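Asker: Given next are the chains, with one letter for each unit.
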Amino acid sequence: MGKTGSWMVKLRHLLPFYRQHALSFGIGFLLLAATALTTAAIPYVMKLAIDTLTQPVGQQELGYLTLTLIGLALLNAVTRVKARTHIFGIGRRVEYELRKQYHGKLLELDTPFFNKERTGDLVARGNNDILAVRMFIGPGFLQISNTAMAYAVTLPIMIGLDPLLTLLIMAPFPIALIAARYLTRILYRLSRRVADRFGELSSFVQETIAGVAVIRAHAREESWRQRFQTESQTLYQAHLDHTRLQSLFSPLVILSGGAGSWILLYYGGKHVAAGTLTVGDFVAFSGYLAALVWPTVGLGWILTVLQRGLAALERIGRILDTAPFLPPALYQSVAEAPCPRGEGAIHIRHLSFAFEEQGSPKKVLSDITMEIPAGSFIGLVGRVGSGKSVLLNCLARLYPIPKGTITLDGRDLMEIPESQLRQTLIMAPQESFLFSATIQENIQLGARGELSEERAWHVAQQAVFDKEIETFPKQLQTLVGERGITLSGGQRQRAALARALAADPVVLLLDDIFSSVDAHTEARILDNLRDVAKGRTIVMVCHRVAALHNADHIYLLDEGEIKAQGSHQQLLENSSLYQNLHSHMAKEEALEALQAG
Amino acid sequence: MMPAVMADTEETQYGRFLDIGLFSRFLSYTKPYKGWITLALLLLPLTTLAQMAQPLLIKEAVDQNLLSGELDGFGTLALYFAGLVGVQFFTGYLQSLINALLGQRVVRDIRQDLFAKLTTMDAQYFATHASGRLTNRITNDTEAVSNMVSSGLVNLIGDVLLLIGIAISMVLLSPKLSLISLICMPIILYGTILITRKMRIVQRKGRVIQANMAGHLTEQVEGQEVLRLFHCQSRNRAVFDKMNWDYYQTVLKSNFLEAFQFSFIETASVIVVALLFWYGAGLSADDGVTIGVMVAFIDYLRRIFFPIRDLSGKYTTMQAAMTALERIFHLLDTPAAIHSPEQPQESGVTQGKIHFKNLYFDYGKGPVLRGINCHIAAGERVAVVGPTGAGKSSLIKLLNRTYDPKQGTLEIDGISVDRYPLERLRQMVGMVQQETFLFAGTLLENIRLHHTHISREEAIQAARETGAALFIEKLPGGYDALLTERGANLSAGERQLLGITRVFAFKPKILVMDEATSSVDTISEGLIQDALERLLKGRTALIIAHRLSTILHADRILVFAHGTIVEEGDHASLMAKGGLYAKLYDLQFQQQNQESHQTTAA
Chain A
1 MGKTGSWMVK
11 LRHLLPFYRQ
21 HALSFGIGFL
31 LLAATALTTA
41 AIPYVMKLAI
51 DTLTQPVGQQ
61 ELGYLTLTLI
71 GLALLNAVTR
81 VKARTHIFGI
91 GRRVEYELRK
101 QYHGKLLELD
111 TPFFNKERTG
121 DLVARGNNDI
131 LAVRMFIGPG
141 FLQISNTAMA
151 YAVTLPIMIG
161 LDPLLTLLIM
171 APFPIALIAA
181 RYLTRILYRL
191 SRRVADRFGE
201 LSSFVQETIA
211 GVAVIRAHAR
221 EESWRQRFQT
231 ESQTLYQAHL
241 DHTRLQSLFS
251 PLVILSGGAG
261 SWILLYYGGK
271 HVAAGTLTVG
281 DFVAFSGYLA
291 ALVWPTVGLG
301 WILTVLQRGL
311 AALERIGRIL
321 DTAPFLPPAL
331 YQSVAEAPCP
341 RGEGAIHIRH
351 LSFAFEEQGS
361 PKKVLSDITM
371 EIPAGSFIGL
381 VGRVGSGKSV
391 LLNCLARLYP
401 IPKGTITLDG
411 RDLMEIPESQ
421 LRQTLIMAPQ
431 ESFLFSATIQ
441 ENIQLGARGE
451 LSEERAWHVA
461 QQAVFDKEIE
471 TFPKQLQTLV
481 GERGITLSGG
491 QRQRAALARA
501 LAADPVVLLL
511 DDIFSSVDAH
521 TEARILDNLR
531 DVAKGRTIVM
541 VCHRVAALHN
551 ADHIYLLDEG
561 EIKAQGSHQQ
571 LLENSSLYQN
581 LHSHMAKEEA
591 LEALQAG
Chain B
1 MMPAVMADTE
11 ETQYGRFLDI
21 GLFSRFLSYT
31 KPYKGWITLA
41 LLLLPLTTLA
51 QMAQPLLIKE
61 AVDQNLLSGE
71 LDGFGTLALY
81 FAGLVGVQFF
91 TGYLQSLINA
101 LLGQRVVRDI
111 RQDLFAKLTT
121 MDAQYFATHA
131 SGRLTNRITN
141 DTEAVSNMVS
151 SGLVNLIGDV
161 LLLIGIAISM
171 VLLSPKLSLI
181 SLICMPIILY
191 GTILITRKMR
201 IVQRKGRVIQ
211 ANMAGHLTEQ
221 VEGQEVLRLF
231 HCQSRNRAVF
241 DKMNWDYYQT
251 VLKSNFLEAF
261 QFSFIETASV
271 IVVALLFWYG
281 AGLSADDGVT
291 IGVMVAFIDY
301 LRRIFFPIRD
311 LSGKYTTMQA
321 AMTALERIFH
331 LLDTPAAIHS
341 PEQPQESGVT
351 QGKIHFKNLY
361 FDYGKGPVLR
371 GINCHIAAGE
381 RVAVVGPTGA
391 GKSSLIKLLN
401 RTYDPKQGTL
411 EIDGISVDRY
421 PLERLRQMVG
431 MVQQETFLFA
441 GTLLENIRLH
451 HTHISREEAI
461 QAARETGAAL
471 FIEKLPGGYD
481 ALLTERGANL
491 SAGERQLLGI
501 TRVFAFKPKI
511 LVMDEATSSV
521 DTISEGLIQD
531 ALERLLKGRT
541 ALIIAHRLST
551 ILHADRILVF
561 AHGTIVEEGD
571 HASLMAKGGL
581 YAKLYDLQFQ
591 QQNQESHQTT
601 AA
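Top line first, the protein sequences correspond to chains A and B.
Quick note on numbering: the first sequence equals residues 1 to 597 in the working numbering.
Quick note on numbering: the second sequence equals residues 1 to 602 in the working numbering.
No wet-lab data here; the hints were simulated from the structure.
Every value quoted in this text rests on a predicted model; they were computed, and no experiment measured them.
By construction, the Cβ of each residue, glycine as well, lies at the ideal position given by its N, Cα and C atoms.
Some clues are possibly wrong.
Unchecked claim - What follows is a list of derived Cβ distance ranges for each label pair:
1. 194(B) to 198(A): 30 to 38 Å
2. 86(B) to 101(A): 31 to 39 Å
3. 128(A) to 404(B): 44 to 52 Å
4. 530(A) to 116(B): 56 to 64 Å
5. 468(A) to 315(B): 47 to 55 Å
6. 241(A) to 404(B): 43 to 51 Å
7. 367(A) to 128(B): 37 to 45 Å
Said to hold, decoys possible - Straight-line Cα separation of at most 27 Å, BS3-like style, residue types lysine-lysine; simulated pairs:
8. 403(A) to 563(A)
9. 363(A) to 474(B)
10. 105(A) to 242(B)
11. 467(A) to 365(B)
12. 474(B) to 474(A)
13. 205(B) to 82(A)
Generate the whole structure from the sequences, applying the supplied hints.
Answerer: Here it is as structure tokens:
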């Protein structure tokens, strides 16, 4: 019982599908049964025809048999096509639903989850594992039912014709089954290895192309050629190992079928000669033999498929079972309802935050308290690792924070429905990620409803990006990313800013998004931001002097704590840490100016 | 994302079924394996015969022994049959083994040629060709060729041979009876090819959607934060659902076609059998139609299933391979713009004198360097300053022939750089790039770049001299520590130190350096300055300087603007001149003055 229990647990994400498609599975099973019956009937009718041929008369009967045979063949084709498409169709449908669920789940999950997982794994699960599950459902079900049915229908007929001969010609089958099962299991492992080696070779080439300047500059081409030879030789070896076994597969089927044919010829032949078996029976037997070889070998293969399917299901299940930290109610309530435009006042009270790192918490923010009045421009400053970005991420509700530590316009941040929060508060994160789409589409992402071209230009101009867009081949409709043009770091940052501005948020959080923008451009953007800032709260991580000069109030963070606060002038007078940071920034900017001319 | 979407366009275009020119060039790759090919070809008739003979033996058995009850010679017959099954097994196994082996070997050879070719290509080529496509040449295109060899070429002949063999046996057994089968066989073959072709089109469409979905998923995971912050989940879900649904519809279609193809051949052969009965009933033993012949015909018709299905798949395999070959040979035929001189000039010990003579250069989009003239003495240290885009980086790229100038010459020790063997030139000129590119592998190999002439000890010595040893020896594994992708586990400062160590280990006579602009922490900055001081001793150096200390330590400063040298001299003389340099320097000096003022105030 325990074993069934664990199976049920493993299959828990599939059970709803089985229930939903129960009727379909039933129909599929009936179709398969019909196919098995017609498949078995064909050699039998051939037997009758041969037996009739051996009689001196029976012309007319042969005519009927011919028609029956054609009829059966057509019926068989119809039921077979129907059965296969029907059952594979269920598998495909479940694949569709499962992929939809998986994709939806990924959209629901949050930053802490993605920090733990690797992109490659999540994508592989969405592709390969879902494929493995589909194989489990479609071909897996078909093959098992098919084999069962082929045996259920064919075996009684054969035994009815001659039990001993049946036993004899079936003798090589268990060997074929076991061999197929064994072979496929090893083959999967070997083909995984081939895929891994292929991946390695491919990354080696990619890396070589990426680092070709270094290789060239040091005249190391010959070493790299030799290394590639080793790589390609390793791949060749992996292929060879795989091929040695793979090549056995088809001959094995031929051999087990051939061995059966030989036994049929030798023993069956003697029976025919002795008159205990007709020539028709002989022909029928060889037909049945052919009908059983592939299902038997297929069974060996499908056991491996089922095993892999279960493993894949478990991996997908682990993701599907993960819950985001926000309660689901916050996602669902008033999905896209317009919310009252707030003021944008933020209060942070005694906020502490820690990351889980190798099981133990690592404190990154401690006892942060801030009053951010509506409409103010707040600067955050501090060294690398001082906690500025984490604080912004907490404000943007990317990380779970204790209730009551942050309020937005008097409401607890952790209780605001997602759709309302994202209409009010927008953050431009440090990494200015753009999607492989047109610039317009990327900016559109921020806008509620359709973004007019005029408005797109407007926000681009605020982000001091419009002049460059004008030089792109298709302007706003230019594709960016790998398929399109490659934007520089500074261009990406300004595109991301335009996207954030398109959202017209009440609260705008800017996480060091000018790191690749030159000082002059940053100053122009800051001027623009001040113009549009009316009625908008801005919290910004600053790394240039100009930004600090612009801020109404500055918080200096170090080691997760607020070390000092006040206006630029106040801090300059009171905090030595601030003076150091400020002079460091000034120096860097001067050097930059020297080079920029 | 790129390969995924390209799958829709360039990368899956299919060419002709057979292109003689491409094909014969491809055949030259199979030459070293002539023996294997001969063996495979010799095995073909054996396999065919073994397959053809089995039904004949059964026919003999039926007519001679089974019907008459006469068992004379039946034992021998049975023995022959067992022998044939054995032959079919072994030749079948050997053949698929040889095919796969051959395919993989040829592909390995083509891959090595392609890679070797890539390593000789110049910077211009890599700048204008997307890396994804180049990688594809070596990985996927060669794989398509491998498919052609291992599942295609020899089997193609084998399948045709088998079908012809079966046809001949049928005719020999009974010309009248075989008439029906011979009329039907081409129809079945043609029908199957038609279905298969349609199937491939649908399957290809499915693969494109699948690739797009994978790309979408990757982007969604990478950009998950943006999707959340901008609340785009529902829009994103709708986009993905459309793809997912399209995929579902497409695969349903291809499922149907697959099932149809599968049933088509089988049903067609049963119908042919039925027709045989109907037709055969009217014929007699005089027409050569015995029961045994009927049995043999049924057996033959069962055997045409596989070769026909196999053949119908060949068409697309060949098309894909021809397209791949065309692209592969195109790359192999592309000449490199920069290569070693055929008759290099003899040269003695390198001194390190550099002479730019009226250099002009551009990347095809307006002039970058416009008439550079300059002498650099052996052992001299020259700093290059000037605004971004003034041509500083391009100048140093000409020195080790990353690019060749459009006009003018560049001499080292009085010999034009294009007269040196490339390898020698690049050993003379060491280059520290702005960003240190790190390869996957150990720290040690990243220092010596798999150069066997640099011993482990020498590499470690270099690291000690530059001070990189300080952080390397702290790492778990030390010099054998594995770097993560692109050295992500090292800080910017550590990466720069490694870059300097690398050049140090190669002991060049001339050093060219593009100083990094990215800021590093103060400790690393001090280390880097020390490392440079040691590295520059006794070497000619040309440095694009970003740090004030580097500029002040130089023997001479070249000030670049708009592709020409506008000022040159040492710091003092340039300051006295009051030109661009002085202006730039004042700006800097002023800032630093202010800073010190502030510090004292505090």
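Asker: Each hint: holds or not?
Answerer: Here is what the structure says about each hint:
1. In this structure the supplied range 30 to 38 Å holds for residue 194(B) paired with residue 198(A), their Cβ-Cβ distance being about 33 Å.
2. At roughly 52 Å, the beta carbons of residue 86(B) and residue 101(A) sit outside the given window of 31 to 39 Å.
3. About 47 Å separates the C-beta atoms of residue 128(A) and residue 404(B), a value consistent with the hinted range of 44 to 52 Å.
4. Distance hint check: the CB atoms of residue 530(A) and residue 116(B) are about 59 Å apart, consistent with the given range 56 to 64 Å.
5. Checking the proposed 47 to 55 Å range against residue 468(A) and residue 315(B) shows it holds: the Cβ atoms sit about 49 Å from each other.
6. Judged by the Cβ atoms, the range 43 to 51 Å given for residue 241(A) and residue 404(B) holds: they are separated by roughly 47 Å.
7. Between residue 367(A) and residue 128(B) the C-beta distance comes to about 56 Å, which lies outside the given range of 37 to 45 Å.
8. Annotation: proposed proximity of residue 403(A) to residue 563(A) holds, straight-line Cα distance about 24 Å (limit 27 Å).
9. Of the supplied pair hints, the one linking residue 363(A) and residue 474(B) holds, its CA atoms being roughly 25 Å apart against a limit of 27 Å.
10. Simply put, residue 105(A) and residue 242(B) have alpha-carbon atoms about 17 Å apart, close enough for the 27 Å limit, and the pair holds.
11. Distance restraint check for residue 467(A) and residue 365(B): the Cα-Cα separation of roughly 20 Å lies within the 27 Å cut-off, and the hinted pair is therefore satisfied.
12. For the hint pairing residue 474(B) with residue 474(A), the CA-to-CA distance comes to about 52 Å; that exceeds 27 Å, so the pair is violated.
13. For the hint linking residue 205(B) to residue 82(A), the alpha-carbon distance of about 23 Å falls within 27 Å, and the restraint holds.
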